[in-house]
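Student: Going by UniProt numbering, the sequence shown opens with residue 1, and the numbers climb by one from there.
Hints listed in this document are in silico derivations from the structure and should not be mistaken for laboratory results.
Note that CB positions come from ideal geometry on N, CA and C, so glycine has one too.
Careful, some of the hints might be misleading.
[Stated by the list, open to error] Ranges of calculated distance between the beta carbons of each label pair, as one might list FRET restraints:
1. Ala263 / Pro106: 52 to 60 Å
2. Gln118 / Thr223: 21 to 29 Å
3. Glu253 / Gly192: 37 to 45 Å
4. Val272 / Glu389: 40 to 48 Å
5. Gly160 / Gln252: 40 to 48 Å
6. Leu53 / Pro106: 25 to 33 Å
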Amino acid sequence: MSTAVHLDGITKRFPGVVANDDVDLSVERGTVHALLGENGAGKTTLMNILYGLYQPTEGTIHIDGTARDFHSPRDAIDAGVGMIHQHFMLVDPMTITENIVLGNEPRKWLGLAVDSAQARTEVRELSNRYGFDVDPDAKIEDVSVGVQQRVEILKALYRGADVLILDEPTAVLTPQEVEELFDVFEELTEQGKTIIFISHKLGEVMEAADEVTVLRDGKNVGTVDTADTTREQLAELMVGREVLMEPESDYQEPGDTVLGVQALRAEDSRGVEAVTDANFAVREGEIFGIAGIDGNGQSELIECITGLKTPTTGHISYKGRDITNAPRKQRIDDGMAYIPEDRHERGLVMEFDLTQNGILGSQHSEPFAKGGRIDWNRVETHAQDIITEYDVRPPNKDADAESFSGGNQQKFIVGREFQRNPDLVVATHPTRGVDIGATNFIHDRLLDLRASGKAVVLVSSNLTEVQGLSDRLAVMHDGEIMDVVDPSTVTEEQIGLLMAGEHIDDAERATIAPDGGDR
């Protein structure tokens, strides 16, 4: 077996930061190779170097034994390297064929016109060759996320890619679509293609990859064969210590209802109904999970609960009072904490330092302000406490939020919201982009809140997380709560069916009443 990619002594320095430190990486032709590491470990930087987005400060890239010097992605593509990013770069109103050939369209009439028939034929042949089963004439806006991902892969293959880099490829897929993606990996490698993928999900890495390379603090700390290792060993390589792999939530009797949602409907920013007749209750000492593929109404539902959006119909009660039309500040003052889905848009003011960001939403309230004046000494101490307890790096309260990595921004937001001593925490994707060590810490804090009698609404696309932490689990599809199930008895396959809009047979399902009935 020959070596498809060899990175030799790759070092990448940014001002004040060494992102990659003398990294060697070898990937064999026709294999699946996973790249693991904590936030800031240098994974994405290394792959951006391989794809020509960055140039190394030191080191050499070899493709099929030949040294290459990539100054742009075009150079990488010409050498047979393609990259599929986590956020797809497709044009929704265009067809699958038009997206795949965009910029490389076959021509007719002396190159004056696009040969649409030829393009469609080439895409169909390419799709059939790899068993992708896509409709060349379907519009991107009409196909599932899983099909869109296949289109991105076909785009790279159409441009001659022999090495495919995928960044967090399963983040937006149902369990069934994940299995289909791994089938695609197998088909591609059987035909000689090479796959490198970045992932935070150790179970998927163990299932799909032949070898795994772990980065820590910019260095390669080990490459292992998945057949000769375990998830626990990989996690320990990533963080340098033993890690609890699965969140553990023991059942406890819940208390009174804290949050009630009745017959709620809401529209998205386009005026299209995004939430349809949502009904559920969340009680003291309970984690109520909401699962679903992103974009199925979770965002609009949470915006209504937290006061960022007014529902078109329905009611929201909080601690026995109707808050359907209550302002956001009132909800904060009354003990509702919120970890937002978009940390840049809703969680931080990127130009503010961490000291200022630490009191967002509470800047006019005690103990940070009195008589209209902010007590900056107390505010600075508060920010430093969050940084220390949640291991925000670098530990600089005076640095602007935009200077921190996404994972460290997330840790600071989580710390700020948990420090409010809330009665209800609404946590949307609280560990998205956060490394495994910090993920364990956040899970422990959520369980501590639950144990102290607080109520938690947990929205997550990570099924291991939401199933492991939740006492009850709602699954959303196309704005509808398909079911509220018992996470301890429902299977991942059943959740996947609900996420795809299919109901579980009554004989199979393990359901708990949406109004908060007994377990």
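Student: For this structure, which hints from the list above don't hold up?
Tutor: As far as the earlier hints go, 2, 3 and 5 are violated by this structure, in ascending order.
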